[in-house]
Amino acid sequence: MDDVILSLEGVGKTFPGVVALSDVSLSIARGETHIVLGENGAGKSTLIKLLAGIYQPDSGTIAFNGQPYQPKTPHDAHQSGIRIVHQELNLLPYLSIAENLMLENLPRRAFGIVDRKALNSRAVALLKEVGLDVDPRTRVEALGVAQMQLVEIAKALSYDSKLLVLDEPTATLTPPEIERLFSIIKRLKARGVTIIYISHRLHEVFEIGERVTVLRNGRLVATRDLKGLAVPDLVRMMIGRDIADEYSFDDTIVPGKVALSVANLKRNAATPAISFDVRHGEILGVAGLVGSGRTEAMRALFGADAKLDGVIEIDGKPVAITAPKDAVRHGLSLLTEDRKGQGLLLDLAVDKNITITDLSKVSRNGLLNRRAEAAAANDLVGQLRVKASSIEQAVRNLSGGNQQKVVLAKWLFRGTSTLILDEPTRGVDIGARREIYQLLWMLAAQQKGIIMVSSDLPELMGMCHRIIVFSKNRIVGEVPRAEFDQERILSLAYQEYVRP
Amino acid sequence: MTETSEPLVSAPVSPGRAKFLRFLIRDAGVLLALVLITLFFSATAPYFATPDNALKIFVQIAINTVLAAGMTFVILTGGIDLSVGSVLALCTVVGATVMINEDLSPASAITLALLACMATGAVCGFLNGWISTRWKIPSFIVTLGMLNMAAGAARVVSDNSTITGLPQSFVDFGNLIIGGFLPSIFLVAVLVIAAGWFVLRFTVFGRMIFAVGTNDEAVRLSGHNPDFYKVAAFTISGLTAGIAAMVYLLRLNIGSPIAGVGYELNAIAAVIIGGTSLSGGKGSIIGTLVGACILQVLSTGLQLLGVGDNFKPIVIGLVIVLAVILDAYRERLLRKIR
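Protein chains in written order, with this note's numbering: chain A, 1 to 500; chain B, 1001 to 1338.
Hints are computed from structural coordinates only; laboratory data are not their basis.
The structure displayed is predicted, hence computed values, not measured ones.
Every residue gets a Cβ at the ideal spot worked out from N, C-alpha and C, and that includes glycine.
Treat the hints with care, since some could be wrong.
Covered by chain A, per the in silico footprint, the following chain B stretches (three or more residues, Cβ under 8 Å) [as the list claims (entries may be wrong)]:
(1) 1140-1152
(2) 1211-1218
(3) 1264-1275
Straight-line distance between alpha carbons at most 30 Å, and here's what the computed BS3-like set of lysine-lysine pairs gives [said to hold, decoys possible]:
(4) K266(A) to K1136(B)
(5) K128(A) to K162(A)
(6) K257(A) to K128(A)
(7) K340(A) to K325(A)
(8) K325(A) to K1136(B)
(9) K257(A) to K317(A)
(10) K340(A) to K472(A)
(11) K117(A) to K162(A)
(12) K1136(B) to K340(A)
Please model the entire structure based on the sequences and the hints provided.
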């Protein structure tokens, strides 16, 4: 490669308990569209954040345009000509499109008064470039997600960016919108803009990319020309492990009677009704793309969000669940995907986090028995091997895996009959991950029902008796263990998103 | 994606030592500040270090301490109560009106007045909490509304005049100094603080107050109703405003519709200086008592030093801001230790 625009040399980044990136070396050619693939937690977002100036690498060097590239802030990155369009869009909803586009450099007249005329005419030109035909004075909140995405790209273009990083831009788009986005990407490419494109959607990358880099567990697996590769090749590179090695599925656990059944659960008028059940002693996997409605279905079932309709039965008896407290009273537990925001009391100690689910067990007449509380907490901390300096340590300072164990401990403390786990191993290092698997099998052996939502397909295939697949809010299929097949489950997950 | 925003774990500190350091930074810091300020004024201000002056300070902090005790509950849940000053005014006129009823014996008049004060305050507080949780309105706004409504109600009830002529036994109790060193109204304040301390530290309810202030969504998903505890905290704040109104009547012997102007800000200042975090979940009611003491010691000390009434608020304002800055540092230190 003669004209390299960006090169990474031995780049690494470590967080407490997690090696996010390790020894990554990569060269991006000027003008190419480079695909970056990897499972959740493979290190893609860490890589982006290094380029964006949000994190700084612990080791290695990055060069951009032949110069050392060491951004300390996103502003530094912008100055160098690198722009990131993040998955979560960073637009100001109550400002106009034009204002958003030129926020960092508003055209001004005397006394710092914004030059509206220049602002809007420049905005029109930028919008034209991305093929968005909307009045630039429109407030951003009035736009759809796809349009917002285009505004973000137009914004990146307004600064004469040399390198554009698109982080899962199609995650929330419909097929026609994706088509439009791709034609814009091609146009940008023709203009000589270098693009790093990150996506989970394996089929689409062939259409726009030239080369692909695959990350796995923070390491670079390979960089290849996309020509000559097919989806199964990419999957193999992303997974890169023998499932049987990591998950020693226990055949002796035999599911019993139905523990929880959900019939015709309808979240709102726009979503289809879904039905599924889980048996005692069964681990039911829930697969699907991020945003396919898995999390939302679990939250509605648990009473965390409102639902329109549906019958929930526990051990064959219908129960009314309108708030999480009803679900908990009936023996359900929910481990949320956002453990810091929704699962933990970060500034409180380990013991207080564990006993919060049922303080009546460690109190009498409303008075806390601190000794009983400490004993119960110590017991669970030992059982789950939570690594903490003491039960009085604030959970904020624990690693991701240990925090997740604390969430599990709090539900074990309460005593649960069916446990719903949403991405239980996200951001959890491999050691703690295995311990969590062991624990789930133990719980299944105790005849608990377990629903496991995960984006990590090998994990689901290793752990579960059965997998149901979500695609665009619908349950599109159910695969029994004997028929587990990565390709089949993936194609089910994509089913409702496939372009007509 | 890998979650990667955890702070770096600092050098390990042994649990025992960590506990001591935590105590030192979180609780003893404010107390130390109080001791230093007191020593400073004792050395510099004439008449400051006398029993008479100490008694005066005790008498003067009583009302604010009672208000701040309830305010601590609200702030711990992450709310704010701007209405306590005018709720106090409303309660003083309600209490005084009941007490001057000539059909009642003094004992029953006083008892009824106490109950009426507490009930009036609790109802106002309950409304604050219920409205802000039911319609998800920031408590800042709701209690700002209540501030005006209660002030108006106080004028209506009192027909816009001060109410005098409280029973002599009641007035005498207000002037009582138990054992020559403990003013009766300060005793009331200390009892309220003690009750609050007990509830926050030893009861399930107290634990839930801290938990709700730390992360109400996590509390909800753990199977509780966080709104219940928020409404309860506001009700407690209203209740203590009612008790503070009785203390006001004991001290000044009049029910006044214009009482309590600005009291809410003093109460909030005491809570914040005492180390309770405005974002909720962190703090202590003992700190609140110390915070109320600091405010009054400063005020009295500056007065005795001859700092004029114009400059006094400037110094006190600076101390409040300083306390919040120190609080931010304190948080950082605590995170390193935990």
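Exercise for review: Any hints from earlier that this structure breaks? Give me their numbers in increasing order, please.
Suggested key: 1, 3, 6
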